[in-house]
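Numbering (numbering that gives the first Met the number 0), first residue to last: 0 to 67.
Everything labelled a hint here was simulated from the structure, so no lab data went into it. A quick note: this is a predicted structure, and the numbers were derived from the prediction, not measured. Treat the hints with care, as some may be off.
[As the list claims (entries may be wrong)] Below 27 Å or equal to it, Euclidean Cα-Cα: the simulated DSSO-like pairs (lysine-lysine) are:
| hint | residue 1 | residue 2 |
| --- | --- | --- |
| 1 | Lys31 | Lys1 |
| 2 | Lys44 | Lys22 |
| 3 | Lys46 | Lys31 |
| 4 | Lys15 | Lys1 |
| 5 | Lys46 | Lys1 |
| 6 | Lys44 | Lys24 |
| 7 | Lys46 | Lys15 |
| 8 | Lys15 | Lys44 |
| 9 | Lys8 | Lys51 |
| 10 | Lys1 | Lys44 |
| 11 | Lys8 | Lys22 |
| 12 | Lys22 | Lys1 |
| 13 | Lys31 | Lys51 |
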Amino acid sequence: MKSALIILKSMTEAGKASHHLEKFKIEAAVEKIAINKDGCGYGIKIKEDPDKVCRLLGLVNIECVEIR
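Build out the structure end to end from the sequences listed, making use of the hints.
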């Protein structure tokens, strides 16, 4: 499966998301990304179905801002 990038609200949420996904044997690498010309954001890079991952994150109140 092709990798996807899920944009989250903060570095803290990206770390929590990565930790939560480990419980489901899903690898997630935290990445700092340029979200626009005004600043940076954080996300997680995954090789799983991004919709499934966002549903799992929603169970612990982590909102997926965008999927790339």
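*Is the hinted pair Lys15 and Lys1 satisfied, with a Cα-Cα distance of at most 27 Å?*
holds (23 Å)
*asked:* Check whether the Cα positions of Lys8 and Lys22 lie no farther apart than 27 Å.
replied: holds (21 Å)
_What's the verdict on Lys46 and Lys15, does the C-alpha distance respect the 27 Å limit or exceed it?_
Satisfied, since the Cα-Cα distance of roughly 18 Å is no more than 27 Å.
*asked:* Hint check: Lys22 vs Lys1, CA-CA at most 27 Å. Holds or violated?
replied: holds (21 Å)
*asked:* For a C-alpha distance cap of 27 Å, please report whether Lys15 and Lys44 respect it.
replied: holds (14 Å)
*Has the given pair, Lys8 with Lys51, been kept, meaning a C-alpha gap of at most 27 Å?*
holds (18 Å)
_Pair hint outcome, Lys46 versus Lys1 [Cα-Cα no greater than 27 Å]_ = Holds. Lys46 to Lys1 sits at ~6 Å (cutoff 27 Å).
*If you draw a straight line from the CA of Lys46 to the CA of Lys31, is it 27 Å or shorter?*
With Cα atoms ~17 Å apart, Lys46 and Lys31 stay inside 27 Å; holds.
_Given the hinted pair Lys31 and Lys1, is their Cα-Cα distance within 27 Å?_
This hinted pair holds, its Cα atoms lying about 20 Å apart.
*Does the structure keep Lys1 and Lys44 at a Cα separation of 27 Å or less?*
Status holds; Cα separation ~10 Å.
*Distance restraint between Lys44 and Lys22, which requires alpha-carbon spacing of 27 Å or less*: Roughly 16 Å between the alpha carbons, so the hint for Lys44 and Lys22 holds.
*Could you grab the alpha-carbon distance between Lys44 and Lys24 and see if it respects the 27 Å cut-off?*
Judged against 27 Å, a Cα distance of about 14 Å means the pair holds.
Of the numbered hints listed earlier, not one is contradicted by the structure.
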